[in-house]
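Work the whole structure out from these sequences, hints included.
So for the sequence shown, my numbering puts the first residue at 4; every next one is plus one.
A hint or two may mislead.
To be verified - Simulated restraints, written as ranges between beta carbons of each label pair:
#: 1; residue 1: V43; residue 2: Y158; range: 50 to 56 Å
#: 2; residue 1: V156; residue 2: A29; range: 41 to 47 Å
#: 3; residue 1: A189; residue 2: L26; range: 42 to 48 Å
#: 4; residue 1: S39; residue 2: K13; range: 35 to 41 Å
#: 5; residue 1: N10; residue 2: G42; range: 33 to 39 Å
#: 6; residue 1: N10; residue 2: A189; range: 28 to 34 Å
#: 7; residue 1: L151; residue 2: L17; range: 20 to 26 Å
#: 8; residue 1: L49; residue 2: G78; range: 32 to 38 Å
#: 9; residue 1: W172; residue 2: A123; range: 37 to 43 Å
Unchecked claim - In silico DSBU-like cross-links for lysine-lysine, where the CA-CA straight-line distance does not exceed 35 Å:
#: 10; residue 1: K13; residue 2: K111
#: 11; residue 1: K177; residue 2: K12
#: 12; residue 1: K183; residue 2: K134
#: 13; residue 1: K174; residue 2: K111
#: 14; residue 1: K12; residue 2: K111
If you are wondering where the hints come from, they were derived from the structure by calculation, not from laboratory data.
C-beta: ideal position from N, C-alpha, C; glycine also.
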Amino acid sequence: MANRINNLKKIIHLAGDLLILYLSLAITLIIRYGWSPLGVRFENHLQPFSLIFLAWLLIFYLNDLYRYKIFKGVGLLFRNLALAVFISAGVSIAAFYLFSGFFELTPKTNLFIFSVTFFALDYLFRNAAIKTFSSGATNIIILGDSPLLEETVNYLNDIPQNGYRIAEWFKNPKAITFDKLAIAIAKENIGMV
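As structure tokens, then:
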């Protein structure tokens with residue numbers, strides 16, 4: 004079940020990235036050329052940018068942007084996403100200039116506007132997705148105390164989008180009565196002990 008949920012999260016992120024890539028392209032063309040010939044300009048840019056987008060998605064995958072475990076905070080998300088966009092933009096520039104006969108475009112300014120637009124939209128999307136996935140977390144109670152258990156608790160607290168939230172941690176389970184445990188389960192809407 005957890006594996007299916009993680010796969011669903013990856014698919015949502017991939018679909019979101021694809022949508023944001025094309026939306027960023029449309030916004031870039033509007034910023035650069037205005038509204039009037041948008042359909043024609045979008046059509047002219049669609050094929051070359053679609054090929055470039057495949058490279059972007061591959062670079063995002065290689066930078067672990069589809070693994071939720073690495074996003075322990077917005078700073079790390081910002082850094083990893085900025086690095087992936089920077090590398091992707093560099094690869095795009097190289098592709099447009101090395102294969103200029105195929106692409107028939109040399110969009111220096113467009114690529115800059117596109118990269119900035121995409122970064123801003125994708126960062127907002129990923130932040131919203133992480134908050135959404137974290138909001139439905141299963142409340143859990145931890146019983147016991149050991150170095151391994153402490154490491155597990157720290158891991159779960161650092162990465163809330165994994166789907167678990169530590170509601171209570173009773174380090175000395177012998178001191179916990181059944182009644183006290185039952186009250187904690189009811190009060191915190193516990194899904195797992």
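**Prompt:** For which of the previously enumerated hints does the structure constitute a violation, in increasing order of number?
**Reply:** 7, 11 and 13
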